[in-house]
Amino acid sequence: SAVISQKPSRDICQRGTSLTIQCQVDSQVTMMFWYRQQPGQSLTLIATANQGSEATYESGFVIDKFPISRPNLTFSTLTVSNMSPEDSSIYLCSVDGSSGAHTDTQYFGPGTRLTVL
Amino acid sequence: LAKTTQPISMDSYEGQEVNITCSHNNIATNDYITWYQQFPSQGPRFIIQGYKTKVTNEVASLFIPADRKSSTLSLPRVSLSDTAVYYCLVGDSGSNYQLIWGAGTKLIIKP
Chain W
135 SAVISQKPSR
145 DICQRGTSLT
155 IQCQVDSQVT
165 MMFWYRQQPG
175 QSLTLIATAN
185 QGSEATYESG
195 FVIDKFPISR
205 PNLTFSTLTV
215 SNMSPEDSSI
225 YLCSVDGSSG
235 AHTDTQYFGP
245 GTRLTVL
Chain B
190 LAKTTQPISM
200 DSYEGQEVNI
210 TCSHNNIATN
220 DYITWYQQFP
230 SQGPRFIIQG
240 YKTKVTNEVA
250 SLFIPADRKS
260 STLSLPRVSL
270 SDTAVYYCLV
280 GDSGSNYQLI
290 WGAGTKLIIK
300 P
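Those protein sequences? They're chains W and B, same order as listed. The number in our numbering is simply the position in the first sequence, starting from 1, with 134 added. The number in our numbering is simply the position in the second sequence, starting from 1, with 189 added.
Honestly, the hints are just simulated from the structure, not real lab data. Note that the Cβ used here is the ideal one computed from N, Cα and C, for glycine as well. Among the hints, erroneous ones may be present.
To be verified - Partial chain B-side listing against chain W, Cβ under 10 Å, derived: (1) THR223; (2) SER230; (3) GLN238; (4) VAL274.
Claimed, not checked - Short derived list, chain B residues pointing at chain W, Cβ under 7 Å: (5) GLN231; (6) GLY232; (7) PRO233; (8) TRP290; (9) ALA292.
Given the sequences, and given the hints that come with them, work out the whole structure.
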C-alpha cells in the first residue's frame, strides 16, 4: 500500500484568498485523485490528476476554481481559488491502488481541513 | 454507474459480530464490490473487495449472493476501535474511478 501525506493538515483562510494543498506519495503512481468531504458527509470527487496531462474535472468543478498540478508521479497540488465560506471542507488526496489483486481501490491521505472565514 | 444503499447508522457491543448490508440493484457484470472504513479526521481505508461468493481477510469477511444485488460486510468480534463510518462502493477498472460514494454506515460500538 502507498503512504500519502498532505500539507497543510488544516488551515483557516480569509475569503477571496487562495490555498494550495500538497499531496506527496512514497511511490510512483499513475493516477491521483482529489476529493472534497463536508463534515459528516460523504466524499465527492473533484478531479483526476494524471502526470503529463491536464486534470479531468467532475461535473460541478472547474479548473479556474480548483487548478491542479501533477509535475511527476509522486506529487500533486490542488489550489482552492478565490475562497468563500462554502469552500470550507476537508480535501482529500488519494492514489490508485489497483496494481495488485484489487481493482478500483484507492489509498487516501489524511486530508486537509479548510475553514474559510 | 451503480449506486449503493446502506443503513445510515448501526449500534452494537464489544465482542459481537456486526453485519452491514449494502444493496446495489444495478450492479454491472464487470463491477467489483469494495468496502472502506473511515475514522474521524482520517481518509478512508480499504477493507475488503470481492466479486462473488465469499471473501475473507484478516479484518473482515464479505458475503455476496449469486445475483450480486447486495453484499454484506461482516466484522467479527468488534471492539470500540471499530467505531467508524463504513462505505460500500461498486465499480470496475473501466469506470475511470468515477465511483459514487454513498452516505456510508456510521457504526457505533458500545462497551
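Do the hints match the structure? See the list:
1. For THR223 of chain B, the interface hint holds, the least distance from its beta-carbon to any beta-carbon of chain W being 6 Å, beneath 10 Å.
2. The criterion of a C-beta within 10 Å of any C-beta in chain W is met by SER230 of chain B, whose closest approach is roughly 7 Å, and the hint holds.
3. A distance limit of 10 Å between C-beta atoms decides the matter here; for GLN238 of chain B the minimum to chain W is near 5 Å, and the interface restraint holds.
4. Given hint, VAL274 of chain B at the interface with chain W, holds; its Cβ is 9 Å from that chain's nearest Cβ, closer than 10 Å.
5. Satisfaction of the interface hint for GLN231 of chain B is found here, the shortest Cβ-Cβ separation to chain W being roughly 6 Å, below the 7 Å cut-off.
6. Using the Cβ-Cβ criterion of 7 Å, the hint placing GLY232 of chain B at the interface with chain W is satisfied: the shortest such distance is roughly 3 Å.
7. For PRO233 of chain B, the interface hint holds, since its Cβ comes within 7 Å of a Cβ in chain W; the closest pair sits about 5 Å apart.
8. Interface restraint check for TRP290 of chain B: the shortest CB-CB distance to chain W comes to about 4 Å, inside 7 Å, so the restraint holds.
9. At about 5 Å, the closest approach between the beta carbon of ALA292 of chain B and any beta carbon in chain W falls short of 7 Å, and the interface hint on this residue holds.
In this structure, none of the earlier numbered hints is contradicted; all agree with it.
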